[in-house]
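Engineer: Starting from the given sequences, assemble the full structure and let the hints guide the process.
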Amino acid sequence: MGRRLGRGRWGPLRWLAALLGASVLTSGFPPTQAQPSSINITITWEPAEPFVGGDVTLTPGGKPGFGSCTWSRWHSGKKNYYIFVYLPPPTEQLHTGPEYSEREIPGPKCSLRITSLTLEDSGIYMVTKEGTDFDTEEGEARIKVHGTVSFYCFLAFRYGNPSA
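For what it's worth, the working numbering labels the leading residue of the sequence shown as 91, then goes sequentially.
Calculated directly from the structure, the hints in this document are not laboratory data.
Incorrect hints may have been included.
Okay, derived cross-link-like pairs now, DSBU-like style, lysine-lysine, Cα gap no bigger than 35 Å in a straight line [to be verified]:
id : residue 1 : residue 2
1  : Lys199    : Lys153
2  : Lys199    : Lys234
3  : Lys234    : Lys153
Structural biologist: Encoded structure:
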């Protein structure tokens, strides 16, 4: 008698397991090679406790000098959006992205300066430094902008806008 399809250990999922196995083998990643951690440098910021209306400068560690510097920001529930890609002199180019608001300024050592801070500037910032030898370094920092909410804003939020 012939064998019936859909029976046995894997049942009807046998074709799905074979397809998944084939896609993993052809995905371009060697199956035995572990993916390295992408975060390998630290980012420091000054001042340590940034406040609304002030400025903050984020400076990544790592090797001195870089060929390009990419800063991006993570929004919860959204993708990672880049702020800018900066190429230092002699080229000195700035390619802005969807998170760029003209308050972000590239600086020495691949630093990022954000001016006129708002509470919405709080979040996770990521940097990718590509060295002149094409070696890549990455880091991230969680920045919390401190500030107060005015009493009027509190009342408007709690009870609705009284002037409406």
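Engineer: Hints first: check each against the structure and report whether it holds.
Structural biologist: Structure-based check of each hint:
Of the pairs offered as hints, the one joining Lys199 and Lys153 holds, with about 9 Å between alpha carbons and a cut-off of 35 Å not exceeded. Pair hint Lys199 plus Lys234 holds up; C-alpha atoms about 22 Å apart against a cutoff of 35 Å. For a cut-off of 35 Å, the pair hint linking Lys234 to Lys153 stands: about 26 Å separates their Cα positions.
Checked against the numbered hints given earlier, this structure breaks none of them.
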